[in-house]
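Whenever a hint applies, use it, and build me the whole structure from the sequences.
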Amino acid sequence: MSYPGQQPQYGEGQYGGQPQQPGPYGGPPQPGPYGYGAPGQYGYPAPQYGYGPRAPWDLAPPTSNIPAAIVLILGGLAGLLQFFLEWFSFRDQVVTGKDVADLAGVADTAGSSAGTMIMIGVYLVLVGGGVSLLGGAVLFVPMRGGKRVLGALLLVVSLAMIAGMIFWLAAGIPNPDSTGPGYYFFLGAGAVTLIGSVIALIKR
Numbered sequence: 001m002s003y004p005g006q007q008p009q010y011g012e013g014q015y016g017g018q019p020q021q022p023g024p025y026g027g028p029p030q031p032g033p034y035g036y037g038a039p040g041q042y043g044y045p046a047p048q049y050g051y052g053p054r055a056p057w058d059l060a061p062p063t064s065n066i067p068a069a070i071v072l073i074l075g076g077l078a079g080l081l082q083f084f085l086e087w088f089s090f091r092d093q094v095v096t097g098k099d100v101a102d103l104a105g106v107a108d109t110a111g112s113s114a115g116t117m118i119m120i121g122v123y124l125v126l127v128g129g130g131v132s133l134l135g136g137a138v139l140f141v142p143m144r145g146g147k148r149v150l151g152a153l154l155l156v157v158s159l160a161m162i163a164g165m166i167f168w169l170a171a172g173i174p175n176p177d178s179t180g181p182g183y184y185f186f187l188g189a190g191a192v193t194l195i196g197s198v199i200a201l202i203k204r
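Here the sequence shown is numbered in the UniProt record's numbering, starting from 1 and rising by one per residue.
Wrong hints could be hidden among the right ones.
With beta-carbon atoms standing in for the labels, derived distance ranges [as the list claims (entries may be wrong)]:
| # | residue 1 | residue 2 | range |
| --- | --- | --- | --- |
| 1 | 184 | 105 | 20 to 26 Å |
| 2 | 67 | 174 | 28 to 34 Å |
| 3 | 163 | 204 | 25 to 31 Å |
| 4 | 184 | 137 | 19 to 25 Å |
| 5 | 67 | 173 | 33 to 39 Å |
| 6 | 177 | 109 | 26 to 32 Å |
| 7 | 110 | 169 | 19 to 25 Å |
| 8 | 179 | 148 | 33 to 39 Å |
| 9 | 63 | 89 | 45 to 51 Å |
| 10 | 202 | 170 | 29 to 35 Å |
| 11 | 145 | 92 | 51 to 57 Å |
| 12 | 70 | 90 | 33 to 39 Å |
Since the hints were derived computationally from the structure, they do not count as laboratory data. Quick reminder that beta carbons are idealized off the backbone N, C-alpha and C, glycines included.
If you want it as C-alpha cells, here you go:
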C-alpha cells in the first residue's frame, strides 16, 4: 500500500496492471500477465538485405549486341559466298569454291591427302559461315543472358574456319595467277568471324 505522492514499491505494476516479477538471478523484471513493462513492436519488420533471390523488377533489361551481330553476319556471308563465287580461272574456265571442293573430292578418292585437306578446308569455311550468319542474327534479338556463351561458340567456329583456310594454303595453290572475289572471301571469312566472336565475348 502506498500514500499519495509516494513512489510505488518494487514489484508493483504500472498503469494499474499486475505487479512485475523480478527476473531470475537478478535480471531485469519480467512483464506481468498483461504484458505491461515490455516494449511494444509497431510497424512492419525491417527489410532484410543480402544475397537472397531478387525481385523480377530488379533484373537487368534484355539487350542486344549490334556491333558483334553485324561483323558476324559479314563473316558468315563471306564464308557462304566463297562457295559459289569465282576463286580463279583455269584454262579460260571459272572455278568456284564448289568446283574446288569437287576436284579435291576426286583427288581424295584417288588417295591424295592434299585433296582431302583442301576439301575439308572449303567445307569448314562454308559450314562455319552458315553458323556465323545464324549467330549474328541471334545477337540482334535482345536477351538477358547467353550472349557470351554464343560468343564462345562462335569463337570456336571462327578458329575452325581459319584452320580450313590454312589447309588450303598448305595443300592448294596459295597464289593463283588470276583470283576472283570468292577466293578473297574464303581467305578472310575466318578472320572476320573471329573479330565478331571476340566482340560478342567482351561487350555486354
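Comparing the hints with the structure gives:
{"no.": "1", "hint": "184 x 105: 20 to 26 Å", "in the structure": "holds (23 Å)"}
{"no.": "2", "hint": "67 x 174: 28 to 34 Å", "in the structure": "holds (32 Å)"}
{"no.": "3", "hint": "163 x 204: 25 to 31 Å", "in the structure": "holds (29 Å)"}
{"no.": "4", "hint": "184 x 137: 19 to 25 Å", "in the structure": "holds (24 Å)"}
{"no.": "5", "hint": "67 x 173: 33 to 39 Å", "in the structure": "holds (35 Å)"}
{"no.": "6", "hint": "177 x 109: 26 to 32 Å", "in the structure": "holds (27 Å)"}
{"no.": "7", "hint": "110 x 169: 19 to 25 Å", "in the structure": "holds (22 Å)"}
{"no.": "8", "hint": "179 x 148: 33 to 39 Å", "in the structure": "holds (37 Å)"}
{"no.": "9", "hint": "63 x 89: 45 to 51 Å", "in the structure": "holds (47 Å)"}
{"no.": "10", "hint": "202 x 170: 29 to 35 Å", "in the structure": "holds (31 Å)"}
{"no.": "11", "hint": "145 x 92: 51 to 57 Å", "in the structure": "holds (55 Å)"}
{"no.": "12", "hint": "70 x 90: 33 to 39 Å", "in the structure": "holds (35 Å)"}
The structure meets every hint from the earlier list without exception.
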